[in-house]
Amino acid sequence: MRFLTTIVPAPSGFTPEILSKRSLLLEPVAVLVSDLLELEAALENFSKRMLGIVITPGDSIALVQLSSLTWHVTMQADSLNVAARLVPGWLAAIAAADHANQYARTADRRTERVTRELDMTRLDYNELTSRLRHKVSDLLAAKTELKLLNENLESRVERRTAELASVNNQLSQTLDSLKQAQIELVRAGELAALSKLVAGVAHELNTPIGNALTIATSLSHESRQIKSRQIEERLRRSELKSFLNTTEEVTATLERNLVRAADFIGQFKQLAIDQVNEDRRRFRLKDLVSDVSLAMSPLLRETPYILIQEVDRSIEMDSYPDAISQILTTFVSNALTHAFAGRSQGKMIIRTLDGGDDGLILSFADDGNGIEADIVEHVFKPFFTTKFGQGRSGLGLYIAYNQVRNLLGGHLKFSSEIGLGTCFQLTLPRFAPTQKARLRIADRSAAIAA
Amino acid sequence: MRAKSVCTTIADPYRAALSLGQSLSEISPEVVFLFLTTHYDDWTEFIDGLFDGLNDPSVRVIGTTGDGVYESARVSDTGACALGLSSDGQVAWHVESGGKVDIDPEGAVRCALAKLSSKLEGRQPAFYFMVSDSHADASRIETVIRDEVPVPVIGGLAGDDNSNVVRGFSIADRRLLRDSVVILAADGPEPFQIHLGNSVTLVGQPGVVDDANGKTLNCIDGADAASFIEQATGKPILRSDQGIALSILSGAEGEEKRLRAVAQNVASKNGSLSLHGGIREGEQVQVCVTRAEDLEAGARAVAMQAAASGFQPAAALVVSCAGRKWLLGGQIQCEAEAVSGVFGRKVPLAGFSSFGEIAPLPRNGGGYTRNLFHNMTYVLLFIGT
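Protein sequence lines correspond, in order, to chains A and B. Heads up, the first sequence is in the numbering used here, so the first residue is 6 and it goes up one at a time. Heads up, the second sequence is in the numbering used here, so the first residue is 4 and it goes up one at a time.
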């Protein structure tokens with residue numbers, strides 16, 4: 006609490022001070038001056054800026070409010086001690102009022118700021134509302150459009166469904182027609198195969214039986230002539246001897262032709278695969294392969310080619326050993342006939358591989374010439390042979406194929422590469438299917454085909 | 004080092020400054036860091052009051068306006084604060100300025116640095132403290148202090164009261180300067196530490212700036228800037244938005260990272276946005292957002308990091324983004340309280356809410372990165388005993 010004065014000597018309670026802007030504005034102050042001009046000289050526009058009480062000596066007591074927190078008191082010089090007692094409380098009130106005033110001005114600034122922020126928020130709100138309205142409007146339009154599209158979609162789906170049903174019906178009819186055509190084609194194919202088979206059989210039997218018939222006819226004629234000569238008792242011993250010699254030669258030829266026909270028929274019978282006649286039994290595959298090798302050994306000995314066995318001794322089968330023997334014999338025979346033409350050495354390998362829990366793979370491979378590409382697709386066809394007229398019937402692989410599929414319940418495939426050799430691979434079950442099972446499979450295949 | 008910080012909310016400029024100066028005169032300061040809001044309408048009165056209060060015309064003054072002012076335990080939207088320092092002659096404080104920072108940021112900074120250089124007589128100062136007009140493209144200021152100044156530069160861009168009506172200014176001794184940069188050099192063995200943080204979270208996908216002109220960002224990844232940001236944040240850009248920034252993913256070295264906050268305004272009709280700091284075409288950016296709770300935790304973490312270093316500060320200067328203050332609202336006090344809280348005593352502190360922050364980043368292994376310009380960042384400069 007400051008009590009300043011420019012009056013000399015300073016009255017009791019007042020501090021002498023050279024007035025300045027600093028001294029007048031530092032805080033609320035009581036200033037005793039002889040004239041207000043002293044204050045104006047120290048602080049321009051002092052009445053509006055300073056806070057406190059200005060006291061000037063005068064003849065009478067007077068109180069004038071210069072500004073909201075500045076008062077001018079005029080009092081007699083001998084009353085200044087009274088002022089000294091009143092002023093502290095007064096200045097405290099002015100300081101409190103100033104504090105409240107500053108606080109209010111600060112609050113005003115804050116209010117301005119908050120108002121500005123609220124304005125900003127209001128603008129944001131309005132803009133957001135506007136954007137939301139547009140969005141809602143867009144969404145409603147989209148919803149309406151979607152509804153329309155849905156309605157159109159339903160009718161389009163109905164129309165399309167009807168169209169599809171019609172097309173489906175046509176397709177169904179077409180499919181039936183195709184199935185019928187397929188059945189007819191299968192039948193035609195079967196007939197064609199049968200015709201070819203019959204033609205082949207006729208062709209193969211024609212020569213030996215024709216020869217036999219010619220010989221038999223000739224023998225019959227000769228015997229009738231001998232008999233006539235004998236009845237007429239004109240048969241000479243030399244003639245009888247000649248007849249008997251001729252008969253011996255002719256019957257030998259007749260027998261060869263009939264044996265050839267019988268062999269062919271026997272071979273041909275394999276196609277029927279009358280399983281009842283097949284000898285099914287349990288056997289060790291290694292033994293079977295060894296028997297085949299042994300049986301072929303006389304033939305092999307006459308060639309520079311060798312047959313190697315790489316067969317797992319542990320493999321046992323419950324199947325048709327005769328069929329497997331015949332198949333392997335066919336492979337060996339074919340290889341000797343075709344694979345090594347023009348070669349001074351060759352190798353054949355019969356090998357077994359693991360075919361899983363219930364099966365095995367039996368392969369026959371040679372390192373011969375391989376099969377020409379234009380022949381490959383025909384090798385399993387009946388009566389197909391490249392050694393026609395050289396004792397080959399063209400049924401060996403055909404029979405092998407049918408026996409693997411229909412009797413042994415397996416698959417046969419082969420690969421061949423020119424100059425590198427040919428390999429046949431049989432995938433066989435260790436336990437061949439029973440006759441009943443084969444019939445079931447055959448029925449199912451027929452049903453699928455139908 | 005003797006230090007004292009003071010603040011006032013007295014509305015009268017002379018009386019406000021007089022109270023500051025009078026209070027600081029107790030330590031006979033050599034330098035005063037002065038921060039004030041833009042409400043004081045008579046600068047001559049203010050500076051008269053300050054020096055009348057200090058009662059020493061040789062005191063160096065550097066200062067600026069801010070959207071708010073910080074003092075040891077409070078942050079205020081109005082008034083002024085100051086930090087006085089006295090090193091008993093151990094440190095010489097030089098204050099210089101450069102003009103026309105708006106059109107030639109690089110030139111203004113180089114001009115001030117050149118003037119200081121003659122005062123420093125070839126010595127490198129411990130650090131520089133810098134304030135600048137916020138209309139300048141701070142990214143161009145950054146290029147000078149980043150590439151040409153080998154000692155830390157700490158500071159920020161002058162803020163206004165977020166009204167976009169009044170304009171902030173800088174203070175160099177008795178001069179009020181607009182369109183200028185003011186730099187103080189602490190010439191002497193002055194221990195200090197810099198800590199800073201910004202708690203931003205990346206959102207959306209990165210994009211490449213297709214079209215930008217200085218602080219105006221037009222297109223990113225083929226979309227207008229506003230649409231790109233709205234897609235990343237999942238909300239429209241509003242006038243009242245704060246805390247949305249772009250993290251510049253390309254061009255940073257080592258531990259450096261840069262942010263560009265979106266200025267508080269609406270997007271223009273073509274979707275362009277103003278940034279606090281320039282951005283270049285071809286830079287890869289990603290939108291990031293800030294949450295108030297993250298900022299609060301981040302500020303505490305920054306202060307705790309400082310306390311954990313064992314450094315005992317005689318005083319602290321705060322430069323904190325005005326956007327943080329907007330987001331934190333009343334919780335902004337945490338940024339002032341954090342320092343005293345972690346050091347367990349009242350640390351003389353003053354600072355301001357800036358429109359862009361300047362500081363190097365502390366490296367993990369010690370030392371600092373190059374000087375960088377930041378946004379949405381809380382910078383603490385601790386001055387040692």
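Think of the hints as simulated: they come from the structure by calculation, not from any bench. Here a beta-carbon is modelled for each residue, glycine too, at the ideal position from N, C-alpha and C. A couple of the hints might just be wrong.
Under the rule of at most 30 Å between Cα atoms (straight-line distance), these lysine-lysine pairs were calculated in the DSSO-like manner [said to hold, decoys possible]:
#1 K140(A) - K7(B)
#2 K152(A) - K238(B)
#3 K238(B) - K26(A)
Covered stretches of chain B, going by a simulated chain A footprint (3 or more residues, C-beta under 8 Å) [to be verified]:
#4 72-82
#5 282-289
#6 331-345
Problem set entry | Those earlier numbered hints the structure runs against, lowest number first | Violated hints (numbers, rising): 1, 3, 5, 6; every other hint is consistent with the structure.
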